[in-house]
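Chemist: Taking the hints into account, I'd like the entire structure generated from these sequences.
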Amino acid sequence: SILIFRETPLNVDGMLQKADNYAHKGQIALALEEYNKIVRLFPNNYDVHLRLAQIYITVNEPDKAKIEYIRAIRLGHKLRYEANIALAELYVKENHYDIAEHLIKLLSDNPRPDARKKIGDFYYDWAESLKNGDRLEAIRKFKEAVKYFEVANSRMSQNAINQIVRLYGDISDTLLENNEINNAVEILKISLEYKDSALSHYKLAKIYEKHFTMDKALTEYEAAYKLNPHLGSYNSYKQLMMKKAQILAEHGDKVGADFYRMKAKKIDSAVEVPTFTSKKLLFSLIATRVNEDIDRDVLIPGIIFKLTNISKNALTDVKAKVVFLNGGKPFSTKIVTIASDESPLEGDKATSDISVYSDEPVKYVLDDHDLMVQVFLSQSDSSEWKLFKNIKIERNRKSGVTAK
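Mapping the sequence shown onto our numbering, position 134 (from 1) lands on 138, and the numbers just tick up by one.
Bear in mind the hints are in silico, worked out from the structure with no lab data behind them. Among the hints, a few may not be true.
[What the hints assert, rightly or not] Below, a list of computed lysine-lysine pairs in the PhoX-like style, where the Cα atoms sit at most 20 Å apart:
{"no.": "1", "residue 1": "68", "residue 2": "82"}
{"no.": "2", "residue 1": "310", "residue 2": "284"}
{"no.": "3", "residue 1": "97", "residue 2": "68"}
{"no.": "4", "residue 1": "338", "residue 2": "393"}
{"no.": "5", "residue 1": "247", "residue 2": "210"}
{"no.": "6", "residue 1": "269", "residue 2": "396"}
{"no.": "7", "residue 1": "247", "residue 2": "333"}
{"no.": "8", "residue 1": "353", "residue 2": "310"}
{"no.": "9", "residue 1": "316", "residue 2": "284"}
{"no.": "10", "residue 1": "147", "residue 2": "109"}
{"no.": "11", "residue 1": "323", "residue 2": "367"}
{"no.": "12", "residue 1": "333", "residue 2": "390"}
{"no.": "13", "residue 1": "151", "residue 2": "122"}
{"no.": "14", "residue 1": "147", "residue 2": "269"}
{"no.": "15", "residue 1": "151", "residue 2": "269"}
{"no.": "16", "residue 1": "210", "residue 2": "310"}
{"no.": "17", "residue 1": "284", "residue 2": "396"}
{"no.": "18", "residue 1": "135", "residue 2": "147"}
{"no.": "19", "residue 1": "147", "residue 2": "122"}
{"no.": "20", "residue 1": "270", "residue 2": "230"}
{"no.": "21", "residue 1": "41", "residue 2": "82"}
{"no.": "22", "residue 1": "22", "residue 2": "41"}
{"no.": "23", "residue 1": "258", "residue 2": "230"}
Predicted model, so just to flag it, every value in this text is computed and none were measured.
Modeler: Okay, structure coming up:
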């Protein structure tokens with residue numbers, strides 16, 4: 005009898021390992037032969053098509069690589085994405101972004117975070133290729149990238165957002181160079197609708213300062229400074245506040261002038277603010293209050309404080325001027341007599357609690373309001389008011405009272 009020995013067929017993993025070894029050793033012809041053999045034996049194996057496509061790319065036969073990637077895609081593996089990405093990259097190299105995007109969109113239902121990250125990478129790279137030419141289209145592509153990066157919880161999301169903000173700023177700069185001031189403003193507003201960024205606020209402040217109103221510029225500088233004190237808005241913001249204070253002082257509005265000087269001092273301690281320097285009086289804040297009148301849809305802010313005479317001698321002719329502000333603008337002023345000839349404040353004695361409420365209401369209970377109160381003091385000459393305290397009124401939504 006004749007014995008026939010048959011070679012035990014290798015499984016797909018073993019055959020792939022053999023082909024991979026050829027490829028790693030640079031024996032490309034043998035690797036190509038082996039991968040083609042495996043494809044014929046296992047036509048429904050996704051990885052085999054990927055490996056063969058990669059070899060075709062190595063030997064500079066991209067059209068044959070495309071065929072293998074297409075065969076892999078047609079296998080319909082819902083959780084695989086490598087063939088789509090690789091084929092899209094080939095078309096990108098040929099500048100066929102429309103075909104590449106079609107391949108990428110086939111992955112839009114793929115639940116894997118790494119697949120979503122790859123889609124985001126595709127749109128990010130596409131946007132990068134556009135940003136020096138078609139900046140608006142680049143913005144659209146970066147926004148697509150952000151959508152997929154956020155689903156994938158990728159840090160690249162913030163990079164793409166930063167690129168969008170910069171591009172909006174660049175477009176605004178170009179419009180300014182062409183003297184299209186209103187369009188430059190609108191572009192920055194669109195940018196801020198997408199992302200509240202210090203850069204956009206800063207650029208908007210610069211435009212408002214040069215072409216529009218000081219108040220609008222101050223609002224934007226403040227927003228930029230709060231988001232990023234190191235952006236460059238520091239000096240511009242401070243200088244404009246000091247300019248505003250000077251204008252108000254020249255028009256006799258010492259309250260408004262001191263308000264802006266105090267704000268400037270918060271970002272630069274070297275700013276000088278005329279304050280009440282009496283060593284005889286000690287100010288004690290007990291509470292600020294915000295009373296809500298739902299029926300009238302208004303707020304009534306108030307302050308409770310007391311003053312202590314820390315000298316040995318009685319004080320007379322002391323008055324306090326309490327100024328309530330909303331968004332930096334005074335809307336109510338009250339003057340309270342602290343001590344007089346008829347009712348002096350004795351040495352080492354404190355006043356009873358002094359409650360002062362705004363005589364003008366603030367409209368709209370549900371809105372956010374930037375409420376502040378300033379306390380000015382004068383002794384002997386009521387025309388010389390000196391700022392003593394500058395206090396922010398915080399609203400406690402539950403009780404309407406904020407204790408200090």
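Chemist: In ascending order, which of the hints set out earlier in this document are inconsistent with the structure?
Modeler: When the structure is compared with the hints, numbers 1, 11, 14, 15, 16, 17, 21 and 23 turn out to be violated.
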